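Trainee: Listed below are the residues making up each chain.
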Amino acid sequence: MRILIADDERDLVAALERVMKRTKYEVDIAYDGIQALEQIHQNQYDCILLDYMMPRLNGLQVVEKIRKEDNKTPVLFLTAISEFDYRQQAIKNGADAYMSKPFMIRDLLDKVKELTSKGTEQQ
Amino acid sequence: MINKLRKKFILYALLSVFALLVVTLTTINLVNFGMIGSDADRVTQMIAENPNEFQQGDMGQQGENNGGGPGGPGRFGPDSPETASSTRYFTVSFDTSGNATVKVMKISAIDQDTAITWATELYNQNAQTGWYKVSYRYRIHEDVNNAALTNVTVIDYARELTPTFNVLWGSIIGGVTGTLLSFIILIFVSKGLVKPLEEADKKQKRFIADASFNLKTPLTVIAADNETNMLDQGETEASKSIEKQVKIMDNIVTHLNDLAVLEELREPEKRETFDFSAMAKTEVQNYQEIFRRANKELEVEVADDLTLAGDVTMMKRMLDEILDNAVKFTKNKAKLVIQGNEGRVTVEERNEFDGETGPLDMVFERFYRLYNAKEENIPGNGIGLSVVREIVKIHGGRVNARCEAGQFVIKAEL
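Residue numbers (the working numbering), protein chains in the order written: chain F, 32 to 154; chain V, 55 to 468.
Derived by calculation from the structure, the hints in this document are not laboratory data. One or more hints might be untrue.
[Unchecked claim] Among the chain V residues that face chain F by a calculated CB cut under 10 angstroms, a handful are: (1) Thr-168; (2) Ile-170; (3) Thr-171; (4) Gly-229; (5) Asp-304; (6) Thr-308.
Values in this document were obtained by computation on a predicted structure and should not be read as measured data. Every residue gets a Cβ at the ideal spot worked out from N, C-alpha and C, and that includes glycine.
Isolated chain F (complex conformation):
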């Protein structure tokens, strides 16, 4: 399974990368929205972890773009903003689920597992 982690918080990305690799996922990293788009265009992912507030292109814009390109890769939206509106907007733009920071790693792993298996079924 290959996943993309897109977040500008490098410490968080490093921590998530360690966890995901330990759980035997193959992990790619992007630190801004444009990098994330490039990675998505170049590679096939089973799940994308997408932060909301990223430089150059935010998470909402990234998910909107890839859905317009008919990319159906499951997207898990990660946000530190707990307001209801942002979550609703993320789902509206095409995200499959969202998690508010700080989240429990066990919950994140469960959610990633759920999304990847759903993606596999769809394929």
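With the hints as your guide, set chain V onto chain F.
Mentor: The following block gives chain V in isolation, referenced to the frame of chain F:
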């Protein structure tokens, strides 16, 4: 908070201006009326002392002495030499048996019968001088020519009183106008005065929102690293403690962030009329299980078909915080009653409680916790009820807390 401060400033400043105007204008008018009374008394005294000269309209030397000069005691202005001739008055004499006789009738507006009626009335009361029928000044005095007679002299002072009444009306109009003008000025002035406070308040809220937002990522990293360690090396006391503290900090920063967002709002961003009863019943169902797990009981009475115009997400949050508070603090049982009519809703929640709350209005202040919360290690951060207060305030309602008969009661009126 800033609006409340501004209203208080306007109120106190306006009350000060009003009090100042009342004291100043009342003093001016009391002095004015006092002086006109003294002035009238001097005239009645002149009549009492010089009845014949006054009757003839000629005060001779005395009139000349008074006329054009600085005036007598208690008088600022000059006496007019025409005082005797221009004064309209009558004098009625009473003998020792109380029989009345009209002595002088130098007035056209009153006939002799009326003069006797008025004089008799005045003769039978105690005051020696005073005002009668608003504009008449009277004096009861001994007749200078016959000590057995008591005279009642009444002068018409309406013309002299007119400027005094004009000053009174002017004072009332001036006082009202001055107060209104002060109110308008204060509205503008107060806006400028509270602006720095408003900006400081905004900065503080922004800071809280930014700080709580920016703490979320480090917390996520700590939680992630800790969990990775737990997965690699197994759970330890230290890792469990870190996990617990991260959850507490997450709870605090989430509440602080929400509170900062709520405090910025003056009204709900989304206002829609929704079925409050249905929403409340669903929310309560979720909490029945939480109460059961805590070995506590939640009794619920929700009236049917209650509707409310507001933000349904915020209302869910309000109930959530109230019930969360209840399950933590009630001894064994809590009771939630939701009633209302015509678009109004009242939410009342009762906890079994036998301790001291401290000042009840403090329970809505952020980070305030009841005395037993720390002693009994009850989880929480003291922000939940602050969130409730802000949500209720945004919806134009009010919330209060009280203690009665071993119960702690929170009542929100929406």
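Trainee: Going through the earlier hints one by one, which of them does the structure break, listed in rising order?
Mentor: 1, 2, 3 and 4
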